[in-house]
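Colleague: Residue numbers (the numbering used here), protein chains in the order written: chain A, 973 to 1346; chain B, -17 to 300.
If you're looking for bench data, these hints aren't it; they were derived computationally from the structure.
There may be inaccurate statements among the hints.
Cut-off 20 Å, straight-line C-alpha distance, at most; resulting in silico cross-link-like pairs (PhoX-like, lysine-lysine) [unchecked claim]:
no. : chain 1 : residue 1 : chain 2 : residue 2
1   : A       : Lys1009   : B       : Lys155
2   : A       : Lys1002   : B       : Lys155
3   : B       : Lys96     : A       : Lys1009
Derived contacts from chain A toward chain B, CB cut-off under 10 Å, selection only [unchecked claim]:
no. : residue
4   : Trp998
5   : Phe1018
6   : Ala1296
Bear in mind the structure is a predicted one, so any value in this text is a computation, not a measurement.
Yeah, the Cβ is synthetic: ideal placement off N, Cα and C, and Gly gets one too.
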Amino acid sequence: MRGDVMTTIIENQQNAVTTSASEKAWRRRKKRKDLLKEIGGHVLVFVVGLFFLIPFLWMVSTSLKVDQDVFRNPPTWIPRANATVNIDGEDYNLYDVVINGETRQLAYLERSGSDGVFIDPAEPEMEILAPMADATEVLEVNFAWENYPNALNRSTRTGLGVNFMTYFKNSLIISIFAVIGTLLSCAPVAYAFARIKFPGRDGFFLLVLSTMMLPFQVTMIPMYLLFNETLGWGDTFLPLIIPCFFANAYDVFLLRQFFRTIPEEMCDAARVDGASEFAIFSKIVLPLSVPVLATIAVFTFLWAWNDFLGPLLFLTSPQNFTMALGLQDFQGQHIVSWNLLMAASVLFTVPIIIAFFFAQKTFIQGIKLTGSKE
Amino acid sequence: MAESTIEKKSGRKEKAPRSRLEKRNTLLGMLFISPWIIGFIAFTLYPMVMSLFYSFTEYHARRASEWVGLQNYIAMFHDDLYWTSLGNTLYMVVISVPVLLFFSFVCAVLLNLKIKGQSLYRVIYFLPSIVPTVASTLLWLWMLNPQTGMVNSALSVFGIDGPNWFQDPYWSKPALILLGLWGVGGTIIIYLSGLQDVPTALLEAAELDGANWFQRLRHITMPMVSPITLFNLITGVIAMFQYFSQAYVFGAAASTSENALGAPLSSTLFYSVYLYQRGISYLDIGVASAMAWVLFFIILGCTFLLLKVSDKFTYYAG
């Protein structure tokens, strides 16, 4: 088998040397084959890519539609709204109306039975009666940007004065404190595991790693009772923020692995110069670890921003809802405003997308290191 | 380092400074890891002990009032809904996890083709996975809306009468799998980095030997990334046993009354959803705690089993 291939290659080479015409033909064939491969590859990657792209675009498209445009069948990609005409200071919708086989663009006034009352914008005095079946709305491209402020300001629970702006703010507060807490608590713990030799260190570290195995469900109910009943922190942000200030296994592990790559000699030199352990940690090790700290900050933010179960457990009054909880709650009320809901979803996603484009490398690195996005 | 130099130089006096250093290090070490120790005791050890304790007691009027032995476990195993939730979860573990893994592997292979513009494609494939879970779930609820959703509208163009998706007990789980497929970006990236580590020399040698593209994929690439497959499989199974948010949002959308989780007809009542319902909605602390511990052992068992049988299909190059 291998010999055959080798001989054909050698033959090919010989042929190439002897006849330049066949060499050209061979090169053309190869070029054509490569081109076909490239095109085929593009088609495949693109078609599968549509599966990822279309829902995303649909979310943005829906978020920019006016109410009447949302449920159009068949669905349309470009948001449209009724074209209007202003007659005597009032807006009327325009219709294409077929009258005696001739299509005229008329302003719609009101309905009368199965007929519609129209007027010609050119001569507003005369009312024209035509069957609605002969009239079709005139639509024009219209991006309803006002959906975004409307979504933020729209009251999501009647009478409570809450809106998505409230939820957005709550999510931001919780996520920022989660990041601060995680960085402050995980760094020293990881430093001790990486650089301070104390008895029982390996045992403790094993314990840290083993807590990763524990599913949240096991501790969920006692935590719920502890925070809500014993500590009386129910319906506050505290149950979501405070645990972040006490280190978690994932980030401790990640940081410890990174700290170990920092040359020990640097720390020893500082020790000889009489630097305290805390000075070594804060003045040498931390500044060198900015990239990994940034990774942890981004991922903690992502996790806290995304979290649904935590807020569901501890936040009960709508004033304290996070974005995730508020969106679900709004949908759960079966108020069908998909355009506003999608606008709110886009707003919920935007901070993450911005973070992604600013820290693409960090994102990819983090996923490879931790093996998950959450 | 520091310890050994002291030992050599001070000879007989070694005991005193060493123990002083050790004492200092112990103190420092404990000080530095104290956040974790406090957190571990308060938010892991204490809840674990309490959870185990609750699982053997009857919880009434805001306190564990009575030791009932294995009663909670027995009640749990006699509960039809418990088995429904376990069955639903196993459905997802057995079907969804392999489908997700296969799809992300295929995507990673596509993104690893030598064509122009791959960095743009990679962003497109990855972007959905960073959309927050609740937002992506709501988006798919909208896409899969039986009457007005774009999926069924698109199907009707081809003359196909689309299913009722999340409103139909037979289609609610496939709908969730579809939603899962959309967010596989993270797994794709892990696979992609694995694919990039496959030595090109191996692939070229196989090409010279006459192996076609598929044969190279099947007999070289797949064995080379099998440790990554194992990793993705284990993390996928563990995550699927704890599957909650998407199912909760789906169930709430399909139900007509509040607090009716798992709609339609308990088809999205997964283990963690039912545990939440028993423990938090009904405050049935004892049974929910028992459920949590059984879940823990199921996950441990599955992980152990996967690691055991993985020897046969995993290849470690290193």
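Colleague: Confirm or reject each hint.
Modeller: Now for the hints, and whether the structure bears them out:
1. A/Lys1009 / B/Lys155: violated, 37 Å
2. A/Lys1002 / B/Lys155: Violated - the C-alpha atoms of B/Lys155 and A/Lys1002 are around 47 Å apart, more than 20 Å.
3. B/Lys96 / A/Lys1009: holds, 9 Å
4. Trp998: violated, 18 Å
5. Phe1018: Nearest chain B Cβ about 8 Å off; hint holds.
6. Ala1296: Holds, because the Cβ-Cβ distance from A/Ala1296 to chain B comes to roughly 4 Å (cut-off 10 Å).
Of the numbered hints stated above, those contradicted by the structure are hints 1, 2 and 4, listed in ascending order.
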